[in-house]
Amino acid sequence: MANPSCLLYAFLLLVAFQSTMINANTVIHTPQCRPVAASSNEKIIFSVNLLLYQAQFLLHASIGVGINDVSPGLVQGPAPIGATTANFSNSVRRVIEEVGLVTVGHLRALVQAEILDAPITSPLIDVSAEAYAAFVNVAFNVSTLTPPFNIYANSPSFVAAAKGFSAFIQQYYAGIIPSIVGNDLQQLVTGIGLSQAVGLGVLRTLLNDVINSTVQPYTFTAAELSNRTSEVVNQLGGCGVKAEGLIVPLQLGAENRTTSNVVPADVNSLAYVRFEREILRIVYGTGNATMPGGLYPGGFIGSLNRRIRDLQLS
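Taking the working numbering, I'd label the letters of the sequence shown as residues 477 to 790.
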């Protein structure tokens, strides 16, 4: 029987998706799509919520351990909900592990730069199959796929989820790098952002290698899974098309000459950017930056998130 909290989350996700369908491509320049006024440190600490999630998600899925097993004492807080080792091929497992390990290094670098104190306090994060199944159910317009979707069942299912989350990190860093004050701090943030962009490219390449394969045990392909879940992400974000599948119409491909889309970008092949409220609306799965849920049942940590909540900047 489904967990009641998962059923509530799925309902909220469906309502949020339906309520944003009309507006997603018309509100790009509204205040809800702009950055919230914050210091450089506040922006970086906001990003730490994403880095912590990615590290725990990828490490548990690939090698069955968490951040502190790799770097003892680096984090403190609740254990991830639903952490599971995925059914990968050895080659995919090594890549997922590496991207997770790289993210641990980024967290340590922020501690060494004295932006964070160790141990870093982690929010409660949900990496369960049920949390991701809610997104996929909405993407395919069903209450529940049969059998229930499980990102840990095979490589395409997991990599589709991992590349989607990785994009939030890359896009947030692309957005904040120009505003970071101080050469040393900006260099650090740029280094993290560029490294994360490489990780995103690797994950998208892994999925692209099996793009026309059927995602077992269903009849849809990895391409359709990627395209449909990207649509859900864009609708929840409410700031236009910034999540893209791996196959696009020719007019949306690079220089209108390819339908391949391993490198998602705008008309000039520049990276998309997302800011705080947009990201929260997506990862909460509620379409509301002040209503936690989804992948972060207790919300983000940090003063920037508290300001968004207290001022009701949804």
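I should point out that these hints are in silico values taken from the structure, not numbers from a laboratory.
Every residue gets a Cβ at the ideal spot worked out from N, C-alpha and C, and that includes glycine.
There may be inaccurate statements among the hints.
To be verified - Simulated DEER-style distance windows between Cβ atoms:
no.	residue 1	residue 2	range
1	G667	T597	16 to 26 Å
2	A555	R782	40 to 50 Å
3	P624	S689	15 to 25 Å
How the hints compare with the structure:
no.	hint	in the structure
1	G667 - T597: 16 to 26 Å	holds, 23 Å
2	A555 - R782: 40 to 50 Å	violated, 24 Å
3	P624 - S689: 15 to 25 Å	holds, 20 Å
In this structure, the one hint that does not hold is number 2.
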